[in-house]
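K.L.:
Chains as they are written, first to last, in our numbering: chain A, 1 to 385; chain B, 1 to 305; chain C, 1 to 388.
Worth flagging that the hints you see were computed from the coordinates, not collected in a lab.
Virtual Cβ for every residue (Gly too), placed ideally from N, Cα, C.
Warning: the hint list may mix true and false statements.
What the hints assert, rightly or not - Chain A side only, calculated, beta carbon under 7 angstroms to chain B, not exhaustive:
| id | residue |
| --- | --- |
| 1 | A41 |
| 2 | A59 |
| 3 | A61 |
| 4 | V199 |
| 5 | D202 |
| 6 | T235 |
Unchecked claim - Computed far set for chain C versus chain A, every beta-carbon distance over 10 angstroms:
| id | residue |
| --- | --- |
| 7 | I159 |
| 8 | K203 |
| 9 | V305 |
| 10 | E371 |
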Amino acid sequence: MLPRPLRAALCCALLLVAGAASAKQAVKLVFIGPLTGGVSANGLGGRNATDLAVRLRNADAKAKYQYELVSLDDECKPNIGVQVATKAAADRSIVAGVTHYCSTVAMATVDVYHKFGLPMVVWGAVLPDITYANDYPEVHRVNGTMINQNETAARFMTGLKYQRWAVIHDTTDYGKGHNKYFSEYLARNGGRILGTFGVTADQQDFSAELTKIKDLRPEVVYFGGITPLGVRIRTQMDKLGVKAVFQGTSGIVSDAYIEGLGPLAEGSLAFREGAPIEKLPGGKFFLEQYNAQKYNDPPEAYGAFAFAAANLVMDAIEKVGPDRKKVRSELNRTRDYQSVVGTITFDDHRQNAVPLITKFVVQDGKWIVWEDSDYAKGKRKLVQP
Amino acid sequence: MDVSLLGQYVLNGLMLGTIYAMVAVGFTLFFGVLDVIKFSHGDVLMVGAFTGLVAYLGLSALGVQSNALLSLGVMLTAVPLIALLGAAMARWLVLPLRGSPPINVLLITLMAGTVLREAIRLFYPAGANPKPFPRLLPTDAVSFGALTLRFDSAILIALGLASIVAVHLLVTRTRLGLAIRAVAQDSETAQVMGMNFQRVVLVTFAIGSALAALAGVTAGLYYNEINFGMGLLLGVIGFSAAVVGGLGNLYGAILGGFLFAGLQTLGAVWFAVPAYKDVFAFAVVILVMTWRPTGLIAEQQAERV
Amino acid sequence: MNALASQRAVLWPAFAATAAIAGFAYLFLRVEAQWEVVALTAGALVALLALGRTRLGAALGAAWSARPAPLAWGALLAASVVVALFAEDHFALLMIATVLLYGVACLGLTIQFGYAGVVNFSGAAFFGVGGYTAAVLATHTALPHLLVVAAGGVLAGAIGSLLVLPLLRTRGHYAALITVAFAILFKTFLEVNDALGGPQGLKVPGMRMLGWSFNDNIALGENTELSFYLSYAVFSLLLLAGALLLVRRLERSWLGLSLDAVRIDETAASVFGFEVARWKILAFTLGNVLAGTAGAVYAMMTGFVAPASFTLAESLILVSIVILGGLGNPVGVLAATALVVVLPEKLQVIQEYRFLLFSGFVILVLLFRPEGLLPRKLRQYLPGWGRA
Numbered sequence: 001m002l003p004r005p006l007r008a009a010l011c012c013a014l015l016l017v018a019g020a021a022s023a024k025q026a027v028k029l030v031f032i033g034p035l036t037g038g039v040s041a042n043g044l045g046g047r048n049a050t051d052l053a054v055r056l057r058n059a060d061a062k063a064k065y066q067y068e069l070v071s072l073d074d075e076c077k078p079n080i081g082v083q084v085a086t087k088a089a090a091d092r093s094i095v096a097g098v099t100h101y102c103s104t105v106a107m108a109t110v111d112v113y114h115k116f117g118l119p120m121v122v123w124g125a126v127l128p129d130i131t132y133a134n135d136y137p138e139v140h141r142v143n144g145t146m147i148n149q150n151e152t153a154a155r156f157m158t159g160l161k162y163q164r165w166a167v168i169h170d171t172t173d174y175g176k177g178h179n180k181y182f183s184e185y186l187a188r189n190g191g192r193i194l195g196t197f198g199v200t201a202d203q204q205d206f207s208a209e210l211t212k213i214k215d216l217r218p219e220v221v222y223f224g225g226i227t228p229l230g231v232r233i234r235t236q237m238d239k240l241g242v243k244a245v246f247q248g249t250s251g252i253v254s255d256a257y258i259e260g261l262g263p264l265a266e267g268s269l270a271f272r273e274g275a276p277i278e279k280l281p282g283g284k285f286f287l288e289q290y291n292a293q294k295y296n297d298p299p300e301a302y303g304a305f306a307f308a309a310a311n312l313v314m315d316a317i318e319k320v321g322p323d324r325k326k327v328r329s330e331l332n333r334t335r336d337y338q339s340v341v342g343t344i345t346f347d348d349h350r351q352n353a354v355p356l357i358t359k360f361v362v363q364d365g366k367w368i369v370w371e372d373s374d375y376a377k378g379k380r381k382l383v384q385p
Numbered sequence: 001m002d003v004s005l006l007g008q009y010v011l012n013g014l015m016l017g018t019i020y021a022m023v024a025v026g027f028t029l030f031f032g033v034l035d036v037i038k039f040s041h042g043d044v045l046m047v048g049a050f051t052g053l054v055a056y057l058g059l060s061a062l063g064v065q066s067n068a069l070l071s072l073g074v075m076l077t078a079v080p081l082i083a084l085l086g087a088a089m090a091r092w093l094v095l096p097l098r099g100s101p102p103i104n105v106l107l108i109t110l111m112a113g114t115v116l117r118e119a120i121r122l123f124y125p126a127g128a129n130p131k132p133f134p135r136l137l138p139t140d141a142v143s144f145g146a147l148t149l150r151f152d153s154a155i156l157i158a159l160g161l162a163s164i165v166a167v168h169l170l171v172t173r174t175r176l177g178l179a180i181r182a183v184a185q186d187s188e189t190a191q192v193m194g195m196n197f198q199r200v201v202l203v204t205f206a207i208g209s210a211l212a213a214l215a216g217v218t219a220g221l222y223y224n225e226i227n228f229g230m231g232l233l234l235g236v237i238g239f240s241a242a243v244v245g246g247l248g249n250l251y252g253a254i255l256g257g258f259l260f261a262g263l264q265t266l267g268a269v270w271f272a273v274p275a276y277k278d279v280f281a282f283a284v285v286i287l288v289m290t291w292r293p294t295g296l297i298a299e300q301q302a303e304r305v
Numbered sequence: 001m002n003a004l005a006s007q008r009a010v011l012w013p014a015f016a017a018t019a020a021i022a023g024f025a026y027l028f029l030r031v032e033a034q035w036e037v038v039a040l041t042a043g044a045l046v047a048l049l050a051l052g053r054t055r056l057g058a059a060l061g062a063a064w065s066a067r068p069a070p071l072a073w074g075a076l077l078a079a080s081v082v083v084a085l086f087a088e089d090h091f092a093l094l095m096i097a098t099v100l101l102y103g104v105a106c107l108g109l110t111i112q113f114g115y116a117g118v119v120n121f122s123g124a125a126f127f128g129v130g131g132y133t134a135a136v137l138a139t140h141t142a143l144p145h146l147l148v149v150a151a152g153g154v155l156a157g158a159i160g161s162l163l164v165l166p167l168l169r170t171r172g173h174y175a176a177l178i179t180v181a182f183a184i185l186f187k188t189f190l191e192v193n194d195a196l197g198g199p200q201g202l203k204v205p206g207m208r209m210l211g212w213s214f215n216d217n218i219a220l221g222e223n224t225e226l227s228f229y230l231s232y233a234v235f236s237l238l239l240l241a242g243a244l245l246l247v248r249r250l251e252r253s254w255l256g257l258s259l260d261a262v263r264i265d266e267t268a269a270s271v272f273g274f275e276v277a278r279w280k281i282l283a284f285t286l287g288n289v290l291a292g293t294a295g296a297v298y299a300m301m302t303g304f305v306a307p308a309s310f311t312l313a314e315s316l317i318l319v320s321i322v323i324l325g326g327l328g329n330p331v332g333v334l335a336a337t338a339l340v341v342v343l344p345e346k347l348q349v350i351q352e353y354r355f356l357l358f359s360g361f362v363i364l365v366l367l368f369r370p371e372g373l374l375p376r377k378l379r380q381y382l383p384g385w386g387r388a
């Protein structure tokens, strides 16, 4: 069998032939994310979701344009990010972008998009500064920032009467940011942090840190980081006999987390911005369509956001035509847009002011919305405070 | 700090050190016979762990239930296959570059490591995500205060140390070992004496890689999770341990492995921000090398002029 | 035939080769389609292999060693023409400038382990020192940017001197470990310590020189606007030309001879009265200064520095370039830089499979050319001598 990109290229060629027959104008979009390296699972999930959005749109007879997706790999490195962002932004045939999972990369590239006037929508990077440290009309974001997530997380957890936390975070911008905002909101809600442990993102062994944590006797271990590290830490907690609730961030809301842990995942908590996709009619459709395409990799936590971002961009193009400036203004005006991740409304910094944060808990090998879980109903119990 | 907590740290350090030492022994063997850095060693370890996982899945599908049989099956599959992989890499990647500067071997093995890593990531089903590794060893534990000693950890430490001792005996007590040592000391003279240089090199690479496979399976059984990037840091640390200990010396590799584990554990305990532990460990490495320029157990070789 | 005529006769093929390489570079940066990239790469490799086996290759080498000056000017002209052809193409210029700056850094590594035999696995760290210096100085001081770039080099050299003592005491793999340790230490330190932006990194202002802002497009008349990357490409080209000149002069001089002696046999060199320590320090520091200078310009061009760009893996990429090019040959290093920087970019079409393919490709190259693309030739003590 041919590798997927080759197959995709062949499909594109066929579509182009078909497209010529129906004489729709071709419009190019760009997707940028990490397709190789340590966090490629997320990048591939986002790429596939964007690809899916484009395919579905092209299959729609009512669409005015024939969309073509250019996918670029930023390797999660800022310098490569600037390189590919320049490639996309300098290419005048590309109208808009769905870009970036890694926050440092997004921080490095926003200047490029602004300089070349390429409207783009961030689909996964969560650092607040990406939208708030500048005032570039080109930069939008559909996913929430880590501020929203941690505010809800701190309030919810203290509401469950937990008082003593130990924090582990990776030393990337993602983990450090989560640590900062969670600590801030936890202090406001009266929780206490017994110890904070920064660990490097490629670390395999956490026995020293966890032994120290065990000695501190926390009720909850807060983890700011993404799935691979989360799986390792949760496993090793069990190995060393650390009996505490495992509370994660949006970075672990993935099938891979559950697959990686098996029964140990039971009772892990996590928070993610946006409505629970499974519950929205569009979300169910997204998951069905995604599975129907038989991609090699699951959509992961942010696939749905990439899908929403791609549709948002294509809707704007359908409305005002393939012109960067017009698309930019149209995106700026987004209000109450219905998407697979809930309503999208951009604030004055073009940040989706998602009011909703969903709380998740693992129950019987699935991420379940907290309110629907046996835990909320009192049938099962987390580790007691 | 009470005794049981201290005991827990020591135990953690022992487990970590055993895995590091197993990797370091491989590096030291390769240095010995060919004087090359083989940068793909960590990735070979990773492939070993995945081979073990596939063996487990296959055997379970065949209906094997017993954990003891499964563990044996995992090791008996991973170890010989990876030994073959190691020998193949030596035959087709390392030996063809014999005439060029030794550092060129570094580049070709670095790239071979990338090929292995990317291949697992792309072609193992959903290989970009971490995979659970089965718990095949008894997980009963005894607790003394803060110390939790699980039987699986104890078994793995014992197994790891036993494998290193076995390699040591092989190198010092057998005819094959004699050949390896002869080539390590002076490959030209060894060849003049009628030794099959190529065969000795291949066997050495096979032994080193087999140990890496065992280390990979050990890491899998201990952490119950493996991923395509697990070899990256283990490879660098194994290399560091081998060099700090003193190249070409098995005791040095073991010493280096445990020293490194000790430094990391100490760093994590001492510093308020545990991520400084790698800064600490590698800074100490630089200092140790300044103090003892050919490693803790110095190479017993006079400079040939 | 008199001597002058015979020299002129060998000059023309060399000029033609330079033009051919420039033409190739132009095409390679232009092409997008997969088969074109594959065809061009394969073509270049075949040409290179053929060059090594035929009289033409020897003739080119002879021409270069006999009359370096006009050929060097020719090469500079050819490079300028390529840059000028892309004057409006932002992305191509960014790639060109990236290749040129990585080239400068790799020339630094060439001095270190191509000439003096001091292995350096923390090249990216010193590149990063330059970048961070530029970020801090250009943001917080009014220092002229030419000085900022120079400061990047000087600081990289200064920080490198921390490693001098351990490096002097050790050799071979032991010395390699010290630089590996430093590379990991450097990146982890930047990440953990928030003083320099932590993992999130720092923004770097664009370059300004004599009131000229490098980050503005250059308007020519009504409709033509040249890319702002043109300024960076030209600056990088000058920097590379300077670095090349330095490296060539160094190689040809008694300094280069001393470095060779130290590399080939340290013990023998010291027996013959060479001060091994002095030459090692010189090579190591000079190499780091080049890496730091290039890093400073690169940071100002891309506008951002973060620890994720200066890892051990990045250092290994730099080492790969030097080995792939052929240890100690500056021209080979440039060819390898272009290959290692541009090829993965050209492979973007195959997305997640590109590093798998790229690594496999490098393995093949090494199997066919175990010494690297253009291995260094034996030293010719008297240019042109023995050619009669």
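K.L.:
Report holds or violated for the interface hint on T235 (chain A), using the least CB-CB distance to chain B and a cut-off of 7 angstroms.
P.N.:
Holds: closest Cβ of chain B sits about 5 angstroms from T235 (chain A), inside 7 angstroms.
K.L.:
Using 7 angstroms as the Cβ threshold, decide whether A41 (chain A) counts as touching chain B.
P.N.:
holds (4 angstroms)
K.L.:
Is the nearest Cβ of chain A still more than 10 angstroms from the Cβ of I159 (chain C)?
P.N.:
holds (20 angstroms)
K.L.:
Take a quick look at K203 (chain C) and tell me if its Cβ sits farther than 10 angstroms from every Cβ on chain A, holds or violated.
P.N.:
At about 8 angstroms from chain A, K203 (chain C) fails to clear the 10 angstroms cut-off, so the statement is violated.
K.L.:
Report holds or violated for the interface hint on V199 (chain A), using the least CB-CB distance to chain B and a cut-off of 7 angstroms.
P.N.:
This hint holds: V199 (chain A) lies near chain B, its Cβ roughly 6 angstroms from the closest one there, short of 7 angstroms.
K.L.:
Can we keep the D202 (chain A) interface hint, with Cβ of chain B closer than 7 angstroms?
P.N.:
holds (5 angstroms)
K.L.:
Quick one: work out the minimum CB distance from E371 (chain C) to chain A and report holds if it exceeds 10 angstroms, violated otherwise.
P.N.:
Answer for E371 (chain C): holds, closest chain A Cβ roughly 29 angstroms.
K.L.:
Have a go at the A59 (chain A) hint: is there a Cβ in chain B nearer than 7 angstroms to its own Cβ?
P.N.:
Check failed: Cβ of A59 (chain A) comes no nearer than 27 angstroms to chain B, outside 7 angstroms.
K.L.:
Once the shortest beta carbon distance from A61 (chain A) to chain B is found, is it less than 7 angstroms?
P.N.:
With a closest approach of 34 angstroms, the A61 (chain A) hint is violated.
K.L.:
V305 (chain C): least C-beta distance to chain A exceeds 10 angstroms?
P.N.:
violated (8 angstroms)
In the structure shown, a violation is registered for the earlier hints numbered 2, 3, 8, 9, in ascending order.
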